[in-house]
Amino acid sequence: MHTAPSLAELQNNFMANVLHGDSAIESHIETNGLPASQRMQIYQHIVENTLTEALQTSYPALRLLVGDDFFDVAADRYMRQYPPISGNLQDYGVQFSELLANMEEAASLAYLPDTARLEWARQLSFLAADAEALEASETVFRLQYLGNSPMQMMLHPSVQLVRSSHPIFDIWHYCMQPSEQPLQLDAAGQSVLLWRDGVQIAMQTMDAPATAFLHAVLDGMEMHHAFGAVQAQGHADFDLSELLPFLVANQLVIDIHAIGAST
Amino acid sequence: MLYPDDTQPIPAHAGIGLRAPHIAQVIEHLPSVTWFEVHSENYFVQGGEMLRQLAAVREHYPISLHGVGLSLGSGDQQYRAHMTQLKTLIDNVQPGLVSEHISWGGAGQFHLNALLPLPYTEEALDVMIEHVDTAQSFLKRQILVENASTYLEYAHSTMPEWEFVTELVRRTGCGLLLDANNIYVNSINHGFDPLLFIDAVCAETVGEMHLAGFSRKEGLPVPLLIDSHDHPVYPEVWELYRQTVQRIGIKPTLIEWDTHIPEFSVLQAEADKAEEVMHAHCAITC
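Sequences listed follow chains H and A, in order. So the first sequence is numbered by my numbering: it starts at 1 and just counts up by one. So the second sequence is numbered by my numbering: it starts at 1 and just counts up by one.
Careful: at least some of the hints might be erroneous.
Said to hold, decoys possible - If you want the footprint, here are the derived chain H segments under chain A, 3+ residues with CB under 8 Å:
{"id": "1", "stretch": "15–23"}
{"id": "2", "stretch": "32–42"}
{"id": "3", "stretch": "81–87"}
{"id": "4", "stretch": "141–147"}
{"id": "5", "stretch": "206–212"}
Everything labelled a hint here was simulated from the structure, so no lab data went into it. We treat Cβ as the ideally placed atom computed from N, Cα and C, and that holds for glycine.
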């Protein structure tokens, strides 16, 4: 005869069973012709399937890259090491790159974590808020008007920047849109700018100076300080007039304002 | 303003659970469907195309929001951030109905994102009552709660499922989302007469019904059905639905299909069957 557990105790035991195989819950389950362990297996499979499918949705390129067997092993390990913390599956998977970085089986596949970071950035871009872009003429006007005053450039909420020492843009495209061109996994690293473009997530590689500038801007840095940060990284010839038309054409600049006076 | 600013009630007709593969088709062709239901959490986004698509559907159809992640039965906490996201969505969509489940998914710091079984005890009932009260107060509206499919029973339960469910509804003033498939699945899994459940229900409290297909777990020493939402509604469940309509009258009834989702026309044919049952009842009693 077992003492009835409190609801919280019962639920903690249930969770410990699903995540780690702990058997404490089983003494509280009526068998009715089927062992409690087999009844719990049904719930284990439901949770495993739900969470694996969530990762498959968020990481389609990674899944193609490593194959279903490896992906499922990683998904299973992720579920147990990083269980979801919210009831919204769209939040699940944020630390998948961490798991991959620490997987012994993936030690020789150094590009996997950054490929995962790229796919999670796509997820964040997809879920981000809407915002109106500044008109091109207004963008130019504000830059000229503010001149040497301290100012801040705000980019669209869906903009993400992923920097990598691996060719993550090429890897992603090779997985999702295979071509006859062989993939050079040891090619130079790529930085990728992502943003939402209608129903798609657009991606564009960025050179080192543009990457340094965009990183500083996304970090909230004042624009002149952002220029300074670019130059400090050895890119003395960075010219915003080359990057700005690209940002404006893709409606990625949503505000430019003097520091302390949001417009 | 993305959405119409008036709430359209959900009519007592057959609706369809709207899932991603069919949304563009629905927006383009505006099929003859009386209402749609979507999963609330799929629209917990801050912007983008998904919200615009939902607004386009809402422009032409009443919408019901059906949640799966609020974990109303958690013994140690309430999910306030989740409720806040749901409130934002409700304010934007102005749905005819909002529903959740009589189940739990989270405990401690984690959330398994599944509809897990509760013990039918006074303590669990008190927890559900407190959390439904909180949800209705925070959301400033009545919610419906759905009876869940379960694959186990706890040894320390002190009342049958239908007593737990009806008492929860009575003491909170929430509505009941009566899932006929779940009642049938539980009746097989746990061995009871499904009409005992139906007869315990107060007809006026039922705000919606659900119909879906189950699958059979093979190779076990006892029959076990899984609420898989991957088949047409089974004849046994159609019969239980017909008997339920006879007892409680016609209610908004949803066709759910979440795995191996078929062509939209298949869902429409299932909705037509539900309409036939409702129409037959009405022809006799209305």
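Hint-by-hint comparison with the structure:
no., hint, verdict
1, 15–23, "holds (count 3)"
2, 32–42, "holds (count 8)"
3, 81–87, "holds (count 5)"
4, 141–147, "violated (count 0)"
5, 206–212, "violated (count 0)"
Checked against the numbered hints above, the structure violates hints 4 and 5; every other hint is satisfied.
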